[in-house]
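> One-letter residues, chain by chain:
2 protein chains.
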Amino acid sequence: MSVNPDRFLSDLHTLRQFGASGIGKGVVRPAYSKPDIEAREWLRGRMEEVGLTTHYDPMGNLFGLAEGTSLLLGSHSDSQPEGGWLDGSLGVIAALEVARASREAGGPPISVVSFQDEEGRFGVTTGSTVWSGGLNLEQADELTDRDGVTLAEARGTMAHLIGDWVDADRFTGFIEMHIEQGPWLDQAGEAIGVVSDIVGIRDMRITFDGQQNHAGTTPMHLRRDAFQGLAEFNALINERFRNVVTPQTVWTIGHVSLHPDAHSIVPGKTVFSMQWRDGDADRLRRMEEIIRATAQEVSEARELGLEIGPMLGLEPVTMDENLRTALKLSAELVVPGRWREMPSGALHDATNVARLMPVAMLFVPSIDGISHAFEEDTDERDLVAGLQVLAGAVASLQGQN
Amino acid sequence: MSVNPDRFLSDLHTLRQFGASGIGKGVVRPAYSKPDIEAREWLRGRMEEVGLTTHYDPMGNLFGLAEGTSLLLGSHSDSQPEGGWLDGSLGVIAALEVARASREAGGPPISVVSFQDEEGRFGVTTGSTVWSGGLNLEQADELTDRDGVTLAEARGTMAHLIGDWVDADRFTGFIEMHIEQGPWLDQAGEAIGVVSDIVGIRDMRITFDGQQNHAGTTPMHLRRDAFQGLAEFNALINERFRNVVTPQTVWTIGHVSLHPDAHSIVPGKTVFSMQWRDGDADRLRRMEEIIRATAQEVSEARELGLEIGPMLGLEPVTMDENLRTALKLSAELVVPGRWREMPSGALHDATNVARLMPVAMLFVPSIDGISHAFEEDTDERDLVAGLQVLAGAVASLQGQN
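So the protein sequences, as listed, match chains A and B. Heads up: the first sequence is residues 706 to 1106, going by this note's numbering. Heads up: the second sequence is residues 706 to 1106, going by this note's numbering.
Keep in mind that a hint or two might mislead.
Subject to a maximum C-alpha distance of 25 Å in a straight line, what follows is the list of computed SDA-like cross-link-like pairs (lysine to any residue) [to be verified]:
1. B:K1033 <-> B:R928
2. B:K730 <-> A:R928
3. A:K730 <-> B:R928
4. A:K730 <-> B:H964
5. A:K739 <-> B:P965
6. B:K739 <-> B:D850
7. B:K739 <-> A:D966
The hints are simulated quantities; they were obtained by calculation from the structure and are not laboratory data.
All chains should be built: construct the whole structure from the sequences, respecting the hints.
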């Protein structure tokens, strides 16, 4: 098959108009928002032009289905609250172009998917987690976003579009193309990364409950200041992780809310996020023990109520040998000597889909390693190289379908 | 004169219906909000029933003016985002009742005031600061609240009500009755505190600017995490203040915002409040030096941009000897042996009014020392004792007017 780079890039630029931030190529397209749903409807139209049968499942995952048994390609089209134009979108539009080119070439049959809420408005890769049975819909519906909106309420905004679940048995495997989101390919001047495995992730919300009080009349020794509890928790885990982590391990407190959040009031309550990632499931577990023990210790020492929310997370996943080999051979043909095998520090829908079928991933460089930000970008030559590596791998797998 | 406790308590309970939180006796009546303006209009009606001439100045400070030269009593009727029913309101309603009783007794002439934005939506005691010349209106109009609303915009909501400034020369002095907002009177089982002096306060907003990035793919050693900067700043000042502060000194980080505030993103930016209070102006200055130096140091060590907003604040103020003596004599008559002299750790409008005339304050107990919270409360017998001490002091000052 022969893919069409112009058609591919044109679709990619069209997609970023949905929820365009007006700052660089940035997009604001969180899951279930108006621009997210409008983008999915536009994608659905493109899929149908390619001759695919389109279908939304109960989570709002959008499928473009080829007849019979097929390989599944894609990623997600929702974005972070402040996201880039390529994260997720690249894999979806590349899948669309490969399906189109493959159709024109008389096969192989290629299906396309755009998963919902990969960016975790309601947790972590929520759409593919529920589709793959990692969480049942009833439990998922109780998840809330930062503003207290439930997933059930958010799904309701797509109620007129959604149908039943798609049976995974119709797919022989899943390949997701994505930006690296890290600095390594860009720093090395390489064009392609073939993913060896995806790191595991843990994510939870922690609450410290103290005593809201006057910031002028409450002596320091009588305070139960929730923010001071958070600051001490942060310092202690940073110290205690030292003996456990590797240079690849990461942990982040990315969300913090204080209550009532006023200059003249001792914070009575804080809710914050704790997320950590590593390729080793045992290390993730040891970090969890440190986090729970430290939160407990701070809560007792400072007389703060402690609540630890449900832990969402995914185990480390190794990519399928067969699909991965096809990607490596294709990469060596398209960009000889300018590709590498590498782990993925970022979480992806492929992690969930691995519960259902063989999966593989390929990366293109992220300029300066920046993503989840309006500045996120990739040289268009590298985007096209990625498309060609994906198409080549799909073609070489044809005989096996 | 003889005050009427029932009339006083009834007015006090009526006032808390404006912006009632529905939780206990709590109120949500921030400056210039709809319930704040409605409460002021109700107060204006009550003042006029007492025969006072009512007037809003350009800040929205509400005056009920007696003819000729008079003593000024009052406080403020705006509340914290989550406030109690007594903070500010008590002093205003007590002033109203004393003015009414004094009118009925044929004097002395008493004027009443409810200052605007004492709780600092736009800074610190904004209404009395501007009236007393601590800040000119043009500068004040540029102040913004946490949502970016300017004071000019907020004042606009009262444009149809406000007139010109009130000349302070018509007032012989100012007495403000208030809840203690601290634990001391309640713990000692005492009814009245006569204030010796009001501590000084400093308040500023600090911003650390880092690099927003992906929380899975950005190695810890390459991060410029704004929240980690804040946490380190907090730990360092807590350590460095040790050699400077006394048990009466307090400091608070009460407001924190992260940007973009998402689980999976390294925080690129944080804006937080830094407030500190002490009775000694020199100590306040030494703390400011530590804060500025530490913020600078953290910003350089972590490659974070640093922005320190304008510093709002007030100097420590000693209460007027003459007014204070009148309060002490009255307290000994009303609650013999159950009162004390004490400093105010909380800031009050009296601090600003001291620029214009002699000022004094009296406190009633706060149950469990709680204020700036829905649970804030005081035994009604103590509220009435406060009213009687105030009325007694006013009567004893009559000869001097």
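> Checking each numbered hint in turn, tell me which of them this model violates, lowest number first.
1
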